[in-house]
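One-letter residues, chain by chain:
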Amino acid sequence: MATQSQTVRPVAVRSSSRRRKYQIWRAAFLLVAPFTLLYLVLFIFPTLRVIQLSFTDAPLIGAGKWVGTANYERLFKDFLFWKALKNTAYFVLLTVIPNTAFGLIFALMVVRLKRFQGFVLAAFFLPNMLTVSVVTRIWQWLTSSQFGIFNIMFGTNYAVFNDPNWAMPMIAFITIWWTVGFNMLLFIAGIQTISKEYYEAAALDGANGNQIFWRITWPLLWPTTALVLTLQLIAQLKIFDQVWLLTRGGPFNSTTVMLQFVYTQAFQNFKGGYASAIALVLFVIILIASIIQYRVLRTGGSR
Amino acid sequence: MKAKGLLVLVLALLTFGYAQTEVVWWDFLGGGDGIRMKKLIDDFNASNDDIKINATTLEWGPPFYTKVQTSVAVGESPDIMTYHVSRFPLGVQGNVLRPITDEELASVGLSKSDYPANLIEAMTYDGNLYGVPLDIHSVVLYYNKEILGAAGLLGDDGLPTFEGLESFNAGMQIIKDAGSIPLALPGDEGTIWRTFYSLFNQQEGAQFITNNQVTLGEQGKVALQTITDWISNGYAPGNTAYGDAIALFTSSQAAMMINGVWEVPTMVDLAAKGELFDWGAIRIPVLFDKPATWADSHAFAIPNDAKKPITPEKLAAVLEVISWINKNSLFWATAGHIPAYNPVTASDDYKMMEPNATYAVLAETAVFDPQSTATGVASPTYDAVLNIFVPSINGQLPVDQALEMFSQQVSSNMQ
Numbered sequence: 001m002a003t004q005s006q007t008v009r010p011v012a013v014r015s016s017s018r019r020r021k022y023q024i025w026r027a028a029f030l031l032v033a034p035f036t037l038l039y040l041v042l043f044i045f046p047t048l049r050v051i052q053l054s055f056t057d058a059p060l061i062g063a064g065k066w067v068g069t070a071n072y073e074r075l076f077k078d079f080l081f082w083k084a085l086k087n088t089a090y091f092v093l094l095t096v097i098p099n100t101a102f103g104l105i106f107a108l109m110v111v112r113l114k115r116f117q118g119f120v121l122a123a124f125f126l127p128n129m130l131t132v133s134v135v136t137r138i139w140q141w142l143t144s145s146q147f148g149i150f151n152i153m154f155g156t157n158y159a160v161f162n163d164p165n166w167a168m169p170m171i172a173f174i175t176i177w178w179t180v181g182f183n184m185l186l187f188i189a190g191i192q193t194i195s196k197e198y199y200e201a202a203a204l205d206g207a208n209g210n211q212i213f214w215r216i217t218w219p220l221l222w223p224t225t226a227l228v229l230t231l232q233l234i235a236q237l238k239i240f241d242q243v244w245l246l247t248r249g250g251p252f253n254s255t256t257v258m259l260q261f262v263y264t265q266a267f268q269n270f271k272g273g274y275a276s277a278i279a280l281v282l283f284v285i286i287l288i289a290s291i292i293q294y295r296v297l298r299t300g301g302s303r
Numbered sequence: 304m305k306a307k308g309l310l311v312l313v314l315a316l317l318t319f320g321y322a323q324t325e326v327v328w329w330d331f332l333g334g335g336d337g338i339r340m341k342k343l344i345d346d347f348n349a350s351n352d353d354i355k356i357n358a359t360t361l362e363w364g365p366p367f368y369t370k371v372q373t374s375v376a377v378g379e380s381p382d383i384m385t386y387h388v389s390r391f392p393l394g395v396q397g398n399v400l401r402p403i404t405d406e407e408l409a410s411v412g413l414s415k416s417d418y419p420a421n422l423i424e425a426m427t428y429d430g431n432l433y434g435v436p437l438d439i440h441s442v443v444l445y446y447n448k449e450i451l452g453a454a455g456l457l458g459d460d461g462l463p464t465f466e467g468l469e470s471f472n473a474g475m476q477i478i479k480d481a482g483s484i485p486l487a488l489p490g491d492e493g494t495i496w497r498t499f500y501s502l503f504n505q506q507e508g509a510q511f512i513t514n515n516q517v518t519l520g521e522q523g524k525v526a527l528q529t530i531t532d533w534i535s536n537g538y539a540p541g542n543t544a545y546g547d548a549i550a551l552f553t554s555s556q557a558a559m560m561i562n563g564v565w566e567v568p569t570m571v572d573l574a575a576k577g578e579l580f581d582w583g584a585i586r587i588p589v590l591f592d593k594p595a596t597w598a599d600s601h602a603f604a605i606p607n608d609a610k611k612p613i614t615p616e617k618l619a620a621v622l623e624v625i626s627w628i629n630k631n632s633l634f635w636a637t638a639g640h641i642p643a644y645n646p647v648t649a650s651d652d653y654k655m656m657e658p659n660a661t662y663a664v665l666a667e668t669a670v671f672d673p674q675s676t677a678t679g680v681a682s683p684t685y686d687a688v689l690n691i692f693v694p695s696i697n698g699q700l701p702v703d704q705a706l707e708m709f710s711q712q713v714s715s716n717m718q
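Chains as they are written, first to last, in our numbering: chain A, 1 to 303; chain B, 304 to 718.
Bound conformation, chain A alone (with noise of 0.2 Å):
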């Protein structure tokens, strides 16, 4: 900055250097002043307050006694917590990676299309412009014990939601059903900016199917995959509605997760201190995954 106005008007230079700089700072400061008062008053207030009220036995409204680290203590030892702990986890592994795979075989594969890519494209995406509680009860149908249609067309009475072993797979199958449009429309997005010379070239040199796709495809869609994958975590690390529409946890737990745990102890059974601990706790799980997940990618990048 200096050196351009010392070229432009090399005269006065130091009494209105400073002025600049300042109606500079002020500029940039009433630039940023709106998101960050909004960031401050919307995210970094609740935040803090979050980690105050999980040291209090606060109720759902107001202000608790200080029970210093009681909740935490409490969690610690609370066989749910660990259970839903649990149950969030093993739900990220039957979606984050199927749930990118899908994706991108989909794109692969719907960009190979001569024919009916638009029709094909929007069979696939469909499902992604549902809300949550039209998906849930379209399986609910689906899969009803008397009146579902699979149930009428093997003659059985299976309730997959009653299913310990099922209900979590069937809930992420769903999911996956759901969602895996978004990704691939991404990975489409992704392929598209791979230029056509690298396949000419390929070709050109004799290379086959597979040596194409792991070659050029895969290194060059990596910053897309990444995303994807850093999308996906995210996302299913907060599941919540899917569960609270289809089994509110059930069968045995066996489908009770992180965020069902906060919601019941905060607006059912109005313990807000608890349920600060265990959203606090939540959090810097996400943190932890995040930043494992950031270094591992990168060096993913560099292969």
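Please note: incorrect hints may appear among the correct ones.
Listed next, the stretches of chain B that the computed footprint assigns to chain A, with coverage defined by at least 3 CB atoms under 8 Å from CB atoms of chain A [claimed, not checked]: (1) 363–373; (2) 533–542; (3) 571–585; (4) 686–693; (5) 702–716.
Hints were generated in silico from the structure; no laboratory data involved. Every residue, glycine too, gets a C-beta built ideally from N, C-alpha and C.
Add chain B to chain A, keeping to what the hints say.
This is chain B only, laid out in the frame that chain A set:
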């Protein structure tokens, strides 16, 4: 001329507004209940010039109670609200409910003795009464008179002749052999809890909570095993959704159904259209030592708003509303609920109302949810029932393990 007319109108509205006390009312009554309550409110407004109820219906369950809690905290609470008696423990603990004194009741011609004693007891904490009951609602046994009659299970009075568990199960075996489904049992947590808690309390010595721990004991085992056996013996289809159970019963596929009294209007409406068989509803039969049926109650409560305490005029108006609705609750009974106000249930008009008058006896031996924050509508207990009992009765887990898991989970919410 026009301006003058407008002025007169404004003045008229103003004076009218001054003379009236507005009562802000919140309830959670959707569906058939809600339509009936709207009519009661309209009737009240039409017949009372000095009080106007301004009613809002909010979403049932946790959203309603969360909003009440929030509104009391910030001084924006209504003047009167409906409240489940089973939800009183959280309300009393959260300081949301204002006690109502005997004098206040007497000022509008009411007294505790106008209501069933067990209900008043369920609403009293440390000697304070925290609301005025409107009704008692429970589960009943709906039955198809044609199927039960053909199976020889009806007495001369047209009522089922079940006495004890063996007789009930034997009756279901007869129905099953004749090719019908004996019992439609909705598999939602509400119905399973209500059925379980009824059977549990029909046994001597049953006590759900002892020293802040869930104590189900032998009685709990018998109750859960009984329900499990109904399903495993093919008396009741497993995994039945709430709506599916109603469909099984109303389409004559199932001979009986355990469900809430609030489904009475469903049957009445179908019967009025000529689309239903000859039907009836009775108190859940005594299968064990003594009669007992789970029950809850819709009550009226006044928010305990410290930031905006209720004024004496408002209080008088609210009490007037409570009294009027109670005294006119015969119409509320058409929703299936049993009015809590004794003079109404003792009236000839009520005794003519069927099947309500037949199952009304359940009120005397009704058992309300324990006075614990872990039980009641939309409580950790309901969650645990859905989570553990429902899959267990469908054969996913032995009864012993399910009871242990259930006790651990509900007890962990009592600390």
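Status of each hint after checking the structure:
Here the stretch 363–373 of chain B counts 4 residues with a CB under 8 Å from a CB of chain A, which clears the bar of 3, and the coverage holds. Only residues whose beta carbon comes within less than 8 Å of a beta carbon in chain A count, and the stretch 533–542 of chain B has 3; three or more means the coverage holds. Coverage of the stretch 571–585 of chain B by chain A is violated. Counting CB-CB distances below 8 Å, 0 residues qualify, and the rule asks for three or more. Given a C-beta distance limit of less than 8 Å, the hint that chain A covers the stretch 686–693 of chain B holds, as 5 residues qualify and 3 suffice.
Figure legend: the stretch 702–716 of chain B, annotated as covered by chain A; annotation consistent (5 residues with Cβ-Cβ distances under 8 Å, at least 3 required).
Of the numbered hints given earlier, the model fails hint 3 alone.
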